[in-house]
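Can you make the complete structure from the sequences, with help from the hints?
Sequence order for the protein chains is B and E.
In this text, residue positions in the first sequence follow the working numbering: the first is 1, and each later residue adds one.
In this text, residue positions in the second sequence follow the working numbering: the first is 1, and each later residue adds one.
If you are wondering where the hints come from, they were derived from the structure by calculation, not from laboratory data.
Be aware that a few hints might be false.
What the hints assert, rightly or not - Reference excerpt, derived from the structure (chain E facing chain B, CB under 7 angstroms, subset only):
#, residue
1, Ala50
2, Thr51
3, Ala86
4, Asp88
5, Val89
6, Gly161
7, Trp162
8, Leu172
Where is the CB? At the ideal position from N, CA and C, for every residue including glycine.
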Amino acid sequence: MLKTLAVVIAVIATLVGTITSTPAQKRGGVLKFAVPSVKPGLDPAHTSTGDGYMLTQAIFSNLTRIDDHLEPKPQLAKSWDANAQSTVWTFHLQQGVKFHNGRELTADDVVFSIERILDPKTASRGAKALGPIKKVVAKDRYTVIFELAGAYGDLPLQLGNTFARIVAKENVDKLNSQPIGTGPFKLKEYSPGNRVVLARNPDYFEKGLPYLDEVHQVFLKEYAAQVSAIGGGEIHVMYLVPVEIIGQLKKDANVQVLEVPSPSFQSIEMFMNQKPFNDPKVRLAVKLAADRKAMLEASTGGHGVLGNDTPVPSFSRWYNKALPQRERDVPKAKQLLAEAGFKNGLDVTLYTSTGRPGMEEAAVAFRESAKDAGIRVRLESVDITRLYSEFLRKPREFTMMQVNWFGRPTIDEMITPFMFTKSVWNFMEYSNPRVDALLTDALGMTEFDKRKRLYDETQKILHDEGPWLVAYFRNYLSAIRTNVRNYKLIPVQYVELRDVWLE
Amino acid sequence: MTLGAYVLRRLGLLVLTLLAISLLVSGIFQLLPGDAAEQILGAWAERSGATLTAMRARLGLDRPWHEQYLGWLAGAVRGDFGKSLAMDVPIAPLLAERLGYSLRLAIPALVLGVTISLVLGVVAATRRNGIIDHLITVVTLTGVSVPAFVLGSVLILVFAGWLRWLPSSSALAEGSGPGYWARILALPVATLTVESLAYITRTTRSSMIEVLKTPYVRTATLKGLPRRVVLVKHALRNGLLPTVTVVAFNFGWMLGGVVVVEQVFNYPGIGSLVLFAIEQRDLPLLQASMCVVAFAYCVANLAADVLYAVLNPRIRY
Numbered sequence: 001m002l003k004t005l006a007v008v009i010a011v012i013a014t015l016v017g018t019i020t021s022t023p024a025q026k027r028g029g030v031l032k033f034a035v036p037s038v039k040p041g042l043d044p045a046h047t048s049t050g051d052g053y054m055l056t057q058a059i060f061s062n063l064t065r066i067d068d069h070l071e072p073k074p075q076l077a078k079s080w081d082a083n084a085q086s087t088v089w090t091f092h093l094q095q096g097v098k099f100h101n102g103r104e105l106t107a108d109d110v111v112f113s114i115e116r117i118l119d120p121k122t123a124s125r126g127a128k129a130l131g132p133i134k135k136v137v138a139k140d141r142y143t144v145i146f147e148l149a150g151a152y153g154d155l156p157l158q159l160g161n162t163f164a165r166i167v168a169k170e171n172v173d174k175l176n177s178q179p180i181g182t183g184p185f186k187l188k189e190y191s192p193g194n195r196v197v198l199a200r201n202p203d204y205f206e207k208g209l210p211y212l213d214e215v216h217q218v219f220l221k222e223y224a225a226q227v228s229a230i231g232g233g234e235i236h237v238m239y240l241v242p243v244e245i246i247g248q249l250k251k252d253a254n255v256q257v258l259e260v261p262s263p264s265f266q267s268i269e270m271f272m273n274q275k276p277f278n279d280p281k282v283r284l285a286v287k288l289a290a291d292r293k294a295m296l297e298a299s300t301g302g303h304g305v306l307g308n309d310t311p312v313p314s315f316s317r318w319y320n321k322a323l324p325q326r327e328r329d330v331p332k333a334k335q336l337l338a339e340a341g342f343k344n345g346l347d348v349t350l351y352t353s354t355g356r357p358g359m360e361e362a363a364v365a366f367r368e369s370a371k372d373a374g375i376r377v378r379l380e381s382v383d384i385t386r387l388y389s390e391f392l393r394k395p396r397e398f399t400m401m402q403v404n405w406f407g408r409p410t411i412d413e414m415i416t417p418f419m420f421t422k423s424v425w426n427f428m429e430y431s432n433p434r435v436d437a438l439l440t441d442a443l444g445m446t447e448f449d450k451r452k453r454l455y456d457e458t459q460k461i462l463h464d465e466g467p468w469l470v471a472y473f474r475n476y477l478s479a480i481r482t483n484v485r486n487y488k489l490i491p492v493q494y495v496e497l498r499d500v501w502l503e
Numbered sequence: 001m002t003l004g005a006y007v008l009r010r011l012g013l014l015v016l017t018l019l020a021i022s023l024l025v026s027g028i029f030q031l032l033p034g035d036a037a038e039q040i041l042g043a044w045a046e047r048s049g050a051t052l053t054a055m056r057a058r059l060g061l062d063r064p065w066h067e068q069y070l071g072w073l074a075g076a077v078r079g080d081f082g083k084s085l086a087m088d089v090p091i092a093p094l095l096a097e098r099l100g101y102s103l104r105l106a107i108p109a110l111v112l113g114v115t116i117s118l119v120l121g122v123v124a125a126t127r128r129n130g131i132i133d134h135l136i137t138v139v140t141l142t143g144v145s146v147p148a149f150v151l152g153s154v155l156i157l158v159f160a161g162w163l164r165w166l167p168s169s170s171a172l173a174e175g176s177g178p179g180y181w182a183r184i185l186a187l188p189v190a191t192l193t194v195e196s197l198a199y200i201t202r203t204t205r206s207s208m209i210e211v212l213k214t215p216y217v218r219t220a221t222l223k224g225l226p227r228r229v230v231l232v233k234h235a236l237r238n239g240l241l242p243t244v245t246v247v248a249f250n251f252g253w254m255l256g257g258v259v260v261v262e263q264v265f266n267y268p269g270i271g272s273l274v275l276f277a278i279e280q281r282d283l284p285l286l287q288a289s290m291c292v293v294a295f296a297y298c299v300a301n302l303a304a305d306v307l308y309a310v311l312n313p314r315i316r317y
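Below, the structure written as structure tokens:
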């Protein structure tokens, strides 16, 4: 009897303990989130901008979740494993997950959603972004098997990306305006270009989440309007903060500027098959002539890190630390140019644009520093859409291109689309069989150290002979009101709202 | 010709106008670089890739443009404007919602603008070249000379930024009902009113001056009628005629042409929908919205002409 009583008391004590020690998170409230541009449509197959990723991430769920260290974490899949060659992957699903219409999510929905993205008729860019998936099968109600065409270690990470959201098949024709997902929020009001209202999903499968009642994504085109609105408490989050306005925001004690290094960068690119950049000496001379620190300062006001002529930033765990940071060396650059037959210097045109912050500023800094080495740069500032859709795709002699690239979560995506022979964004027509072989072999490896050795060698090659001058990486900056809690910046600019709360 | 026949003929012309507008929009659109499929896939769409081809097929952009246009027209005649390419929703409800916003903005702004302008115009005319006349001229001309986006931004700064009485954007307003509408309409209506004052005031003033010089007004004054009666019953009725046309034009402008004002306040009217359709290369949506705007202009002008005849029995069509 006494024993029973003791147990009962212990149980009560534990219960009380858990109740009183529940974290201080507060429920409720409306979070207002300002974005400077919007692209309509909520179908995860076709969203391509940060404002859309944010909405689909709140409405839908993925098998995995990419966390703020860019690691895959469980979401709809509570665990996963692969065979030794990492060609067959098995994902074990959470049970009892409900779509917003009340139906339970099963392995069939996962198969349907992934197959839809891979189907050419869907016309999703994600068809090529999920990895070499050959077949997706529902083994039973809560188990999904991915059979791959080749070994692929990044599958769990890729299944957390924006294309791989799991959708309800009964509603697939209305995804753009009336989406049904399993995410922490439901769509309540959709008026793109004005505002989008998300409401708490009371049946969300992670118990107790989300904390917020509603999230309003509001479109405020002018940063000045956003600064005034966040100062007055009309909005809680500014999704993007250009460096010019950091000073204004920091004056306000109720506003906090958040900053994280990101793999986004602006490269100066040289056509491999056009004079004079077909000569590796000229490419190296350009890389040596550039004053990286001046370019970083001009583009970001110091809110970034130096680049080392590869798309891999120095804070990445994949970065080749054995590579010395390239420093400016004007005499060496001049010497290389002379060896390449340009004793009297070189005249080139650099295409740039004001369409993305910091581009033209860095181009001007580059022009000034290149002058000392005898590289005379003429700047041609064009509309950003024309730069990408027209000039970048037309190799020409004595021409360089400046491009703004967004950061990507996996090491393979950081390099392969740009540097693999004839890859989608390999506009510079770089081709090196050794690099192709390294990238192919590395893709299938799951063991970090072995895999990293291959990427280290790739970086070494690109650092020396690659077509890109990567002078700097730009930090990702947002601003929040100080009463917004648990808001974490994810370097690839995804937005996680399920565990954010308002004080 | 009777008034009825005249109205019928004008309505016939209206249909032709709408047809011409939609054809023109569709034709000009072909000259713009890029299409909706490229917009949806983003800046990094592969130009020649299978993805782009598949997206064009999905949206029906793989058909020749005259076929696309005729398809749209066949639907529009039956009242079906089709689907927005960018938003993937039927256009008619979307347009109806935006039209509701635009009417709620245009009607109060027009009523306010016309009322204030008429009073100012008449006052200025009766005190011609006096201090008050000059004051009215300076104030109204200043109003129209300040660009709408500057005036709008200043109003936002004062009433949303400093005083915090009103939301700085329509997207930030809360609630529903008359209170909600008053909050989101106050600043845009004020801006449009100020912008429209000068023209209507000037027109009213000059026509009133002409009318006040006429013998019949002098007769009315000389036979001892009170000043107020002379002005309102005798002079104003004739003096209003040119104003009516100006007001009609203003209505069309406020309904669809105030893109800048709608942008400044993030107000979701027809004007911003037109801009959105152009940016997203959404031709069906653009054709439909432009037809609505053109329709509003035409109907307002027709109403003005009919009113003209009613106000002035000497005019017959």
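Hints and how they fare:
no.	hint	verdict
1	Ala50	holds, 6 angstroms
2	Thr51	holds, 5 angstroms
3	Ala86	holds, 5 angstroms
4	Asp88	holds, 4 angstroms
5	Val89	holds, 5 angstroms
6	Gly161	holds, 5 angstroms
7	Trp162	violated, 9 angstroms
8	Leu172	holds, 5 angstroms
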